[in-house]
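Asks: Sequence:
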Amino acid sequence: VGIAANLVVGKTDNQEIALDGQPVTYVVVVSNVGSSSVNATVADVMPASWQDVLWSCIPSGGATCASNGSGDLTDAPSLPSGSSVTYTLTGAPVVSDVGAVIVNTASAAVLNPHYDLTVADNSASDTTTTDLIFRNGNE
Numbered sequence: 835v836g837i838a839a840n841l842v843v844g845k846t847d848n849q850e851i852a853l854d855g856q857p858v859t860y861v862v863v864v865s866n867v868g869s870s871s872v873n874a875t876v877a878d879v880m881p882a883s884w885q886d887v888l889w890s891c892i893p894s895g896g897a898t899c900a901s902n903g904s905g906d907l908t909d910a911p912s913l914p915s916g917s918s919v920t921y922t923l924t925g926a927p928v929v930s931d932v933g934a935v936i937v938n939t940a941s942a943a944v945l946n947p948h949y950d951l952t953v954a955d956n957s958a959s960d961t962t963t964t965d966l967i968f969r970n971g972n973e
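With my numbering applied, the sequence shown covers 835 to 973.
Any given hint could turn out to be false.
[What the hints assert, rightly or not] Just the calculated beta-carbon pair ranges, DEER-fashion:
hint : residue 1 : residue 2 : range
1    : Thr-963   : Gly-836   : 34 to 44 Å
2    : Gly-916   : Ser-883   : 21 to 31 Å
3    : Asn-873   : Asn-848   : 21 to 31 Å
Worth flagging that the hints you see were computed from the coordinates, not collected in a lab. Quick reminder that beta carbons are idealized off the backbone N, C-alpha and C, glycines included.
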């Protein structure tokens, strides 16, 4: 059977527009709202057109995670009940299609012998539209 768990994922970049070459910072929070400690996987595949992507993690409530990395986020945190990990991902989009909509999704999954009671909240997405900055400041 397995042990019940419940992870919840939240994600935001707190902006509606991503400008060419300008840093965008996503914040991803993975919380264990279940009653048992779990080992998990966390993933966030950044858009292919993004450059210089770096990420870091701050654990709380006894959780553990990798402290930092580059490129796509892939981590295997340990999350006691009531704990969370907060990832900060920063990168710069290379805009080739003005007005394109970027939907970026982070997800988490519990590892065996656990199973998640509510998988619908194991991922979160953020939507941002691309735009250009012209050198003279006019668009």
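Asks: Take the hints in turn and mark each one as holding or not.
Replies: To see whether the hints hold, each was checked on the structure:
{"no.": "1", "hint": "Thr-963 <-> Gly-836: 34 to 44 Å", "verdict": "41 Å, holds"}
{"no.": "2", "hint": "Gly-916 <-> Ser-883: 21 to 31 Å", "verdict": "38 Å, violated"}
{"no.": "3", "hint": "Asn-873 <-> Asn-848: 21 to 31 Å", "verdict": "30 Å, holds"}
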